[in-house]
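Undergrad: Now for the letters of each chain:
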Amino acid sequence: DTGVSQDPRHKITKRGQNVTFRCDPISEHNRLYWYRQTLGQGPEFLTYFQNEAQLEKSRLLSDRFSAERPKGSFSTLEIQRTEQGDSAMYLCASSKRQSSYEQYFGPGTRLTVT
Amino acid sequence: AQSVTQPDIHITVSEGASLELRCNYSYGATPYLFWYVQSPGQGLQLLLKYFSGDTLVQGIKGFEAEFKRSQSSFNLRKPSVHWSDAAEYFCAVGALNTGTASKLTFGTGTRLQVTL
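Just so you know, the protein sequences line up as chains P and Y, in that order. In the working numbering, each number is its position in the first sequence, counted from 1, plus 1. In the working numbering, each number is its position in the second sequence, counted from 1, plus 4.
Derived from the structure by calculation, the hints contain no laboratory data. Note that the Cβ used here is the ideal one computed from N, Cα and C, for glycine as well. Treat the hints with care, as some may be off.
Pairs of lysine-lysine, PhoX-like flavour, derived with a Cα cap of 25 Å [as the list claims (entries may be wrong)]:
1) P:Lys58 <-> P:Lys12
2) P:Lys72 <-> P:Lys97
3) Y:Lys53 <-> Y:Lys65
4) P:Lys58 <-> P:Lys97
5) P:Lys97 <-> Y:Lys53
6) P:Lys97 <-> Y:Lys65
A few chain Y residues facing chain P, derived, Cβ under 7 Å [claimed, not checked]:
7) Tyr36
8) Gln46
9) Gly47
10) Leu48
11) Gly98
12) Ser106
13) Phe110
14) Gly111
Bound-form chain P, shown alone (with noise of 0.2 Å):
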């Protein structure tokens, strides 16, 4: 057991530039979630998948944002002409399909927009 991990730690990105983030999972997981964080604020919900199936995404993830899980193991997330709001930690976790709340997190890509 690895951990899950994540690629970059840290990004910093002028306003307009797309940015890609990955995620690689524990790798019996089959569930896979991205999380946002804010400054100052609890980690937020933004979408999950079951094996390569993205089965629900947030209201926070708006058309700029696309995940994918191609071949069920790892992620990524990519934001496209990012904005200042954008500037949060990006926090993967996955879990086992059975013990679905059982998340086990990254460490997570720290996004700077200027």
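Given chain P, work out where chain Y should sit, using these hints.
TA: Chain Y only, in chain P's frame:
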């Protein structure tokens, strides 16, 4: 919709003192409840969880929490705090049977400072 309130934004305790962090939830049925801890630059680590059964649950690092349905509370406790417990603590609730079975809703967190 479910929600979580952590009324204390910041708490300071002396090392060796007892600790209680408050959490109140709003949910129409029996919730699944969690406490997570987040150290600076780190992800969230699960401390403990309540699904059903005994309302006093034990977690890692000497933490425990008690589910009180009548008060809609799930307060986190530790009898003797260590300096390494300084971190941000988040209470979360899981919803079931809403079509969002895996979604966790978090409170805004309580930052714990430990003085020596």
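Undergrad: For each hint, tell me whether it holds in the structure or not.
TA: To see whether the hints hold, each was checked on the structure:
Under the criterion of a C-alpha separation no larger than 25 Å, the hint pairing Lys58 (chain P) with Lys12 (chain P) is consistent with the structure, at around 23 Å. Of the supplied pair hints, the one linking Lys72 (chain P) and Lys97 (chain P) holds, its CA atoms being roughly 16 Å apart against a limit of 25 Å. For the suggested pair Lys53 (chain Y) and Lys65 (chain Y), the alpha carbons sit about 14 Å apart, so the restraint of at most 25 Å is met. Taken as a hint, the Lys58 (chain P) and Lys97 (chain P) pair is honoured in the structure, with Cα atoms around 19 Å apart against an allowance of 25 Å.
Of the supplied pair hints, the one linking Lys97 (chain P) and Lys53 (chain Y) holds, its CA atoms being roughly 16 Å apart against a limit of 25 Å. Between Lys97 (chain P) and Lys65 (chain Y) the alpha-carbon distance is near 24 Å, which keeps this suggested pair within the 25 Å criterion. The beta carbon of Tyr36 (chain Y) comes within 5 Å of a beta carbon in chain P, closer than 7 Å, and the hint placing it at the interface holds. Given the 7 Å rule on beta carbons, the hint for Gln46 (chain Y) holds: about 6 Å separates it from the nearest Cβ of chain P.
Below 7 Å, beta-carbon pairs count as interface contacts, and Gly47 (chain Y) has one with chain P at about 4 Å; its hint therefore holds. With 7 Å as the threshold, the beta carbon of Leu48 (chain Y) comes within range of chain P, its nearest partner Cβ sitting at about 4 Å, so the hint holds. Because the smallest distance between the Cβ of Gly98 (chain Y) and any Cβ of chain P comes to about 5 Å, under 7 Å, the interface hint for this residue holds. Among the interface hints, the one on Ser106 (chain Y) holds; its C-beta lies about 4 Å from the nearest C-beta in chain P, closer than the 7 Å criterion.
Below 7 Å, beta-carbon pairs count as interface contacts, and Phe110 (chain Y) has one with chain P at about 3 Å; its hint therefore holds. Below 7 Å, beta-carbon pairs count as interface contacts, and Gly111 (chain Y) has one with chain P at about 5 Å; its hint therefore holds.
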